[in-house]
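Grab the two chains, each in its own frame, and use the hints to assemble them into the complex.
The chain contents come next:
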Amino acid sequence: MIAKTTDLTRVYRLGASTILGVNKVNLEVEEATLVSIVGPSGSGKTTLLNLIGLCDHPTSGKVFFMEKDTSRLNDTERRNLRLQNIGFVFQTFNLLPTLTALENVELPMALAKKSQAAQREEAARLLKAVGLAKRLQHRPRELSVGEMQRVAIARALANHPSLILADEPTGELDSKTGFEVINLLSELRRKEKTTVIVATHDERVARVADKTYRILDGSITQE
Amino acid sequence: MRITSMCLRNLLRRRVRTSLCVFGVALGIMFILAVGGTTMRYVTIIKEMNVFYTGDVVVVARGSIFIEAIPIGSSLQENTVVEVRQVEGVKTAVPMLFVVGSSAPGSIAQFVPSNITVGIPVGNWSVLVGHAPLMPGGRWPSANSSEKEVVIGVYLAQLHNLTVNSGIRLKNHNLRVVGILDTPSVLLARTIIMPLKVAQEIYGYGMSVGMVVVEPLEGVTEEELADRIEAEILGVTALTGDERNAIIEPILRDVEMWNLGIRGVLFSLSMVLVMTVAIMNVSERKKELATLDAIGASKSYIVRMVITETGLIGLFGGILGVMLGTVAALLVSSFYSSVPLSVMFPSIFAIVPPTMMLEILASTVAVSCVAGVIPAIIVARKSIVELLRSEH
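Heads up: the sequence lines are chains A and B, in that order.
For the first sequence, position 97 matches number 97 in the working numbering, and the numbering has no gaps at all.
The number in the working numbering is simply the position in the second sequence, starting from 1, with 223 added.
This is chain B alone, in the form it adopts within the complex (with noise of 0.2 angstroms):
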């Protein structure tokens, strides 16, 4: 008789206690997924977003802040793109214009928008795109063009059915879906991406400008840029790529030092349930042990049965909570993104990644083995004797 095979039975003697036990741990874990999960999400999307402008300095408004790879508040006239350029140590300067918008009208705030209209003087595209590359028979809109032309990321085309020649109507203005841009990256996969001019217009910006990405002429550093930027040119800031990391970091940090104490808290409180299930388990069958230390089972074999149980419980209220916490999570992201449930849903394992179920389903079991320490060693450590005695 294997010993997995008699606690699952042990177990399920007590089916009430025990399914109460699974779920409140179930619970526990659904709420730490269904929390970690979302907020994860959004830390590595930020995170991801590291990579934008690498090498380069970012100048914005005096007082503006900037995310990562969006700038969020005054705007720049569009001559400063030519004071920045007469810099010393300036290589290039690409204007770019940032508009975070929504595709659901009313929607609530968002932690990551549905959409991002990018515009970027045509030609430059590389300096927020990298090497992504278009799906097969797009290409980038042209200067020459007589129609308002885009680029849009990959996630807007599955959300809305685009594809190419598609049209789209942004701000009472139609515009030609001439290509899609195949992206890994939550904030490209979600952009529209135009020709400067055309986003001045459709938004009314004028000539205005969100942001200036600089690259600085080789064997300068964009710490010397950035110092230079900010001396010769009034009301700009000019931020290297640590500034710019610096900026988040902390915010990311304590995001995910929150998200260690929730953690933290919800294993204590499940360890806790499962260890009070275990010590009335082991209180009630303490005849039973004492007749298996008295048929010769070793201490060992008995901590390891209580063990066994509490790790079973942890088992079951793990792939429970894990199975509720991902729907949970999904259920979350879906409503704080508007997105739709069945848009979303290819994306659970982005939104709950295999490795933090898994991860997730170990520290469960390992939290439900340590409850069964104090249990088995407080059975063990009575005698035959003093068990055989009790009423239990």
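With the rest of the complex left out, here is chain A (with noise of 0.2 angstroms):
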């Protein structure tokens, strides 16, 4: 099992409202699996795959990574977990603007502090398997949305990480390179024998994936 949530809940305040974020979910994510979230926009997708990356708190209720109850945890240890076995794809992909695809990939493993020349082989490997060997030395504005999407994939996958949470990878593509997306996180899946969590409201994803949780109003609706 690479994540288990237990009731887990999540309510923010808002001056004297509050919102229900996430309501009592109960999930389990098996290893090398790809399992995607589907739900309508404000569903509350985005806030359980923080809850899960954590990258945010839960008001109640328990993330186990990797069997380790991460509510133990303390903010350097959360942040290490993060970096060693957690990689990000966001929606609207989130690479820095001045450095190049290649230096945006080694940036996770510059963090981890590996050797100069392990950066740049794995980043120029890993770039190579999502397709972008010729495009190294670009900078995110000479990409095309489907290329940074790759790029910001390579990133994710840069330490090696036990699991990608993949926040809404296909919202800004178009239906084709969407589709070409999905099927490169499921693929990477295989060959890299990652577990993918993959947050969306795009039908597709629910078809490839090993499992789906169905999300409304922060609860979970159906499996």
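For the record, the hints were derived by calculation from the structure and aren't laboratory data.
It is possible that part of the hints are untrue.
Simulated restraints on C-beta separations [unchecked claim]:
#1 585/B x 28/A: 51 to 61 angstroms
#2 585/B x 113/A: 23 to 33 angstroms
#3 589/B x 113/A: 21 to 31 angstroms
#4 179/A x 589/B: 52 to 62 angstroms
#5 585/B x 183/A: 49 to 59 angstroms
#6 179/A x 604/B: 33 to 43 angstroms
#7 204/A x 225/B: 40 to 50 angstroms
#8 485/B x 84/A: 51 to 61 angstroms
#9 92/A x 240/B: 20 to 30 angstroms
#10 113/A x 476/B: 49 to 59 angstroms
#11 131/A x 242/B: 35 to 45 angstroms
#12 206/A x 242/B: 48 to 58 angstroms
#13 92/A x 225/B: 19 to 29 angstroms
C-beta atoms are modelled at their ideal positions from N, C-alpha and C, and glycine is treated no differently.
Right under this line is the structure:
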């Protein structure tokens, strides 16, 4: 089991009112699987991914990552866990605009203090794996949106994470490119033996996923 | 990817903003150096004069002002020297005549005069120059010479292209340069030293002198001797070394305080400018910083990144400011001393010493780094989720 949540709840306070982002969510994610969390906009998908990805703290309930109760971890331990074991793919790619594709992919490895040579070699390999061997020295603004998302996927794979969290990875892409990205994630999950959780409203993801959770108003409605 | 390289690229991404900020910092530094360099130069010159007449008592006419080595105001009758020599405890008493002039007729008031004529009885040169040597080929004026002989300071020699045996004309008198004083002293380097009688004749001082330098006998303190002279001779003031310094020290202290004040204000303004730019930069890159946080960058990495960026602005602003400030200090010094830039240029490191440049540069970088602390803390305290939600 790579990730597990028990009664996971996240409540936001906005002034006097409270918003239930995630409500008592229980889910289990097996290793090397592709899991989709499907739901409409505002249903709590991103909140759930942020909680699983240790970017946010639950109001109640627990997140277990690789059998470890993450509520017991301090900020540094959570950060190290993110750095070494979790890769993120964002809807808007979130590539650093001043860095080349190669440097963007090198960044997580640099943060993990890998040698310069190892960073360069691995980043080039990953970019080749996502079909961008000829785009290594291009900056994000010189890439198409599909290519940017591929760079983001390569970056997510940089430190050989156990888990990749992709938040609406096809949200900014046309249907053809979106389909290619989904296939790429599915293929990489097999090749790199990585678990992938995709939060999406794109039903096509559900079709290729090993397991699908449907979420509505912060609660899992269907498995 | 090195953090410095990343920060440089981030700064270059907003070229106009970065350039304006760097220029703003540079202007502040330029002002600090131009004002600080120039005034501190004169403070140093005046302080340097403290070494003159060490251990001696200086007698001037009552009501005269005495600024370090030079008396300004009324003169004394030459027979005062005889009276002084008769006071108990006096070993030697050497009269001197000071005439402060300017090499540029009609020039504006100067902080440091271009030339100063000093008349001293032949053979008593060391009272003023101490052990300063003459350049090879030179000698001191002779009492028996048929010509009016002078020794000039090295600065005057360079300024007017004079050598030993050059002739100069002063107040319609022809003078012969017989020696060039090789000295780092700003005062002595600008001095025309001649026998007292010659100086009195040229400047029409008759039997007057500017001051008398009195050496006490062994066992007699400066204070005791000064008190005796003032008690026994009417119309004179006898100044000990401490009293001479006490006249100028409050002024120097004020100058230094003003300099510190100007420096403080300009550094604060630079800090506010850099901080404002850093806050703008950080606000526009929340998503980037959140991404770094999400993929595992430590808070300290993000803080370091912001501080490095502001530090780099300080470094570039400081370098540019030091360059502009040095040129400005040179121009100001040249303007106020009526010395051509070409002559002033070799003294560039005397006006703005390298240590001062480095100190200002280091201070600018330090202040800029401090300016980055608040924006860095602001961003580091925000949660990833909050930052990811932002539009930028």
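Hints, one by one, checked against the model:
1. In this structure the hint that residue 585/B and residue 28/A lie 51 to 61 angstroms apart at CB holds, the actual value being about 58 angstroms.
2. Between residue 585/B and residue 113/A the beta carbon distance is about 30 angstroms. The supplied range of 23 to 33 angstroms therefore holds.
3. For the hinted restraint 21 to 31 angstroms between residue 589/B and residue 113/A, the CB-CB distance of approximately 28 angstroms keeps it satisfied.
4. Between residue 179/A and residue 589/B the beta carbon distance is about 55 angstroms. The supplied range of 52 to 62 angstroms therefore holds.
5. Here the CB-CB span from residue 585/B to residue 183/A is close to 56 angstroms, well matched to the stated 49 to 59 angstroms.
6. Between residue 179/A and residue 604/B the beta carbon distance is about 41 angstroms. The supplied range of 33 to 43 angstroms therefore holds.
7. At about 41 angstroms, the CB distance of residue 204/A to residue 225/B agrees with the hint of 40 to 50 angstroms.
8. For residue 485/B and residue 84/A, the hinted distance range of 51 to 61 angstroms is satisfied, since their beta carbons lie about 52 angstroms from each other.
9. Between residue 92/A and residue 240/B the beta carbons are some 24 angstroms apart, a value that agrees with the proposed interval 20 to 30 angstroms.
10. Restraint check, residue 113/A to residue 476/B: a C-beta distance of roughly 53 angstroms satisfies the suggested window 49 to 59 angstroms.
11. At roughly 39 angstroms, the beta carbons of residue 131/A and residue 242/B sit within the given window of 35 to 45 angstroms.
12. In this structure the hint that residue 206/A and residue 242/B lie 48 to 58 angstroms apart at CB holds, the actual value being about 51 angstroms.
13. Evaluation of the 19 to 29 angstroms hint for residue 92/A and residue 225/B yields a pass: the beta carbon distance comes to about 26 angstroms.
Of the numbered hints given earlier, the model fails none.
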